[in-house]
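Sequence order for the protein chains is E and Y.
Position one of the first sequence corresponds to residue 1 (our numbering), numbered consecutively onward.
Position one of the second sequence corresponds to residue 1 (our numbering), numbered consecutively onward.
In short, the hints are calculated from the structure, not lab data.
Misleading hints may appear alongside valid ones.
The list that follows gives simulated cross-link-like pairs (lysine to aspartate or glutamate, EDC-like), each with its CA atoms no further than 20 Å apart [unchecked claim]:
| id | chain 1 | residue 1 | chain 2 | residue 2 |
| --- | --- | --- | --- | --- |
| 1 | E | K109 | Y | E41 |
| 2 | Y | K40 | E | D146 |
| 3 | Y | K40 | E | E142 |
| 4 | E | K109 | Y | D44 |
| 5 | Y | K107 | E | D34 |
| 6 | E | K148 | Y | E106 |
Coverage of chain E stretches by chain Y, computed from C-beta distances (three or more under 8 Å per stretch; other residues unrestricted) [as the list claims (entries may be wrong)]:
| id | region |
| --- | --- |
| 7 | 37-49 |
| 8 | 57-63 |
| 9 | 67-80 |
| 10 | 120-133 |
| 11 | 140-152 |
Yeah, the Cβ is synthetic: ideal placement off N, Cα and C, and Gly gets one too.
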Amino acid sequence: MIYWQLFFVYFKIGLFGFGGGYAMLSLIQREAVDNYHWVTSQEFTDIVAVSQMTPGPIAINSATYVGFTAVQNAGYSHTMGIWGSVIATVAVCLPSLFLVLLISVSYAKFRSNRYVAAAFLGLRPATVGLIAAAALMLMNSENFIDYKSILIFIAAFMATWKFKVHPILTILIASLVGLIIY
Amino acid sequence: MYWTLFLTFFKIGAFTIGGGYAMLPLIQREVVGHGWMDEKEFIDLFAVAQSLPGAFAINISIFIGYRLRKIPGAIVSMFGSVLPSFVIILSIALFFTQFTENSWVEKAFKALRPATVALIAVPCLVTAMKLKLKGAVFLIPLISAVLIWLFGVSPVYVILAAALGGILYDLRMNRRLK
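Isolated chain E (complex conformation):
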């Protein structure tokens, strides 16, 4: 049952995940946190943080992590959790595989297709909204526990945006700050 749900949800995420990793976050969050309660909002933020430091796309990372955690939290063994991981990861890749195979047959046609180009007139600006929604959904009391959290948010935002500090460096500095102030 849980395997089927994992497969279905991550297949859906793979199929509708337009606009890159950050834009996919709101979709993943809605399903894994709000609808199915496989992970908490806090755990989800932790997965995003870990994804910034480890190789691989966030969609794959979240599928692997959530697949394991969801099965484990449902009371099954480690081994069954690993299967959950495998199923979610394969499910999130399958739509890509089907679509690429479909398009490869006539991909020049796809590129010059008027409707595909037109759809992106709407999709591109919507991507900004999708990313904004992901950030806003994470601005909750689980992630922002006190006034220090707000200061860290502002500092990290300014560092990456204004001073172009690399995200990995921002993360390392934030962790060190956490060790000192908490």
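Using the hints provided, position chain Y relative to the given structure of chain E.
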């Protein structure tokens, strides 16, 4: 050949931190370097891979695999690029429960969480500025975000509506021109 494909994408998957577009220069160097395709072909593939849903790095690895060795090539390349992050994240998931009980890790994560939200907010702003959203177009991200965030609308519907809206707009503009 399959083995080379697998190894190449395994390497790409293992050494590109941050995912997505961070992988691009490495993929380009490997693929063009192996003589699998020329620069122009690669840029074409890149454009198509970008417009498909799903993880960009996975899409492009499947594309290249398919180009070289049809369906088996596509599957081998896909597994190669997925495997490193799968192994790393699964090991973290297996041990994370023990980690979070460690007070040092919890302290670090307390500060990491708001910083991570900032790392999502920045690309949002950067993309918005790059698109130069003006006038009514600015309403699209605004309404999308509010629908998802405040009204609990599924992002799937927002994506479908945005794509449909783009097509309808294009059809109307074309009719006007005629």
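Now for the hints, and whether the structure bears them out:
no., hint, result
1, E:K109 to Y:E41, "holds (15 Å)"
2, Y:K40 to E:D146, "violated (52 Å)"
3, Y:K40 to E:E142, "violated (47 Å)"
4, E:K109 to Y:D44, "holds (12 Å)"
5, Y:K107 to E:D34, "violated (26 Å)"
6, E:K148 to Y:E106, "holds (15 Å)"
7, 37-49, "holds (count 5)"
8, 57-63, "holds (count 5)"
9, 67-80, "holds (count 3)"
10, 120-133, "holds (count 14)"
11, 140-152, "holds (count 8)"
Hints 2, 3, 5 from the list above are not met by this structure, while the remaining hints are.
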